[in-house]
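Q: Sequence:
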Amino acid sequence: MLVFHVRLGRFGGRVAGVALLSLAALVLLSHFKAPWGHLSRRIARPAPATLRTCSQSDDLAMPSPSELSATLESLLTVPANEVGRIAICASLRNEGRFINEWLLYYRVLGVDRFYLYDSGSDDDTLSALQPWLRTGTVQLHRFRNNQEGHYQTTALDTCSRTYGPKTEWLVEADCDEFLVVVPTLLSTDHSRPLELSDMPNRPLYILLDSNWLYKNADAVVVSRLTWKNAGFERLPDGVSLLSLQTVREYQHSVLFDKLLFTKSILHTGKKRTGWSIPGAHFLRSPHATAARIVTSNGHLVDTVPYRADTDEGLQYEGRFSGGRIFEPLVLYHYVERDLQDCYSKLRVAHKLRKGGYDVYEDPDSHTPIYDQDGFYGAATTDRTMADSWFGRFLPPLLAALRARERDDVEARRGPLLPQIIEPHPELVAEWVAEGLDPTNGMPLTVTKDA
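Be aware that the sequence shown starts at 1, since it is given in full-length UniProt numbering, and climbs by one per residue.
Think of the hints as simulated: they come from the structure by calculation, not from any bench.
Per label pair, the in silico range of CB-to-CB distance: (1) Arg144 x Pro415: 18 to 24 Å; (2) Asp407 x Glu317: 48 to 54 Å; (3) Lys271 x Ser69: 36 to 42 Å.
BS3-like mimics (lysine-lysine), calculated; alpha carbons at most 27 Å apart, straight line: (4) Lys271 x Lys166; (5) Lys215 x Lys166; (6) Lys215 x Lys270; (7) Lys270 x Lys166; (8) Lys345 x Lys258; (9) Lys215 x Lys271.
Each residue gets a CB set at the ideal place from its N, CA and C atoms; glycine is no exception.
Throw the hints in and build the complete structure from the sequences for me.
A: In C-alpha cells, the structure reads:
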C-alpha cells in the first residue's frame, strides 16, 4: 500500500478531501452492483452465437467421453428390476427440439417408463425418440382416428386406464413441465465443482416411496411454478432449456385463478384402483365412495360427486383452492421455452380450443404481463436449476446423445414407428352410453334426409 504525504493549505485540503471521498465511492460502486439496477432494464435477448451454459465454463472440467457414454447408457436403459415404479403419461406434438432433455431429466428422477401419445408431429420428434424406443424406455402411440380437440384428454384417460395397473406411481406431466424434488435441488453442494458422479439417485421415487402420507393416498397433486422466456426468439437446436431459461414468476404474488390448477401423481400400486386421469389436472373414479388425495405437503383436497344422479363415484376437479404449495414437490412449468414455442402453443390452443372452452382471458379484459394479478405476474431471476447438477450435466449428456445417434448402426435400419391404437375400451363404452362418437368421444353428426 502506497502512502502519499501532501502538504496542502486549508482550501486545498478540503478539495483534496472531497476528491478522495469521490474516488473511494467510485471504487466501491465498481465492486458492487446495485440490487435495484435490473428493475429498470428490459431483459436483453442474447445472440445465439454467444450463448454459454455452465457446461461450457472454462474453469469446470468436462467429464470424459467414456464417463458420459456410461451415464447416458444407464439412463437410456432401465434394468428389469426397476421397471414398474414410476411412469409418465403425456401427449405430445412437435417436441423434437426439447424432448430429449425432458426424458433425461425424468430418468434421473427415477421414472422408468414413458407412455407418450403423438397427435401428429411433423418435425423430427420421431427421430429424436429412436434411442429411447429401441431400449423400450419410451412407448409411443398414435390413435387410429382423429381425436380432434379431445386428443390430450383421450390420451391421458387411455394411458392411465391401460398402464396404471402396471406401475406403482403414474405421473401426469406435459413435455414443458418438470417435477422438482425441492430438497434435492436445494442441496447442491457449491463448495466444490460438481461432478458427473454427483447425479441425483432417483429422488422422486425415493420421496414417493418413503413418505407415508403419499403411500397411503390415492393420488398426490402438485402445484405449478411458471417460468418465462428470458429473451430468446429461438433457442438453438440441442441446447439445454434448464440451463438457459432462468426467469420465473414470483411464487407468492400471483393470484390468477388458472395457476391454482395442479398436476397429479396417481398412486396405483400396480393394481386397478378405478382412478383415472380424464384430462389435464383432473382425477376421476366412477365407483369410489371415498378418496384420499393430498397436496405435496399433505393437505387433503376436496372431491365432488362424479354424477349428480348417484352417490357412487368421485372426481377431483384439478384446482386446489388452498393456494399453491412449493415444497417438497413443485412442478416447474416452462410455458415460454422461447418465443417460437410460445407462438406455436397459442396457434394450437386457439385451433383446438382445448376441447371446446376458452382457456384465455377475453381480449377486452387483458391485463399487462407484469401486472401482479395477471396470468404471469412479476418476474425474478432464479438460477437454482441452472446451477444444479441438471444445469451442469444435461448439456453434455444431450451432446453425447446426438453423437451416439450419428454412430448407431441400428439407427440406419429404419425408424421404429408409433403403435397405432384405439381409445381404451372402457372409455369407448362410456362414450357410447352418452350417445357420443365411439371413435373419439365427439358429438355425433346427424344427417337429415333431403
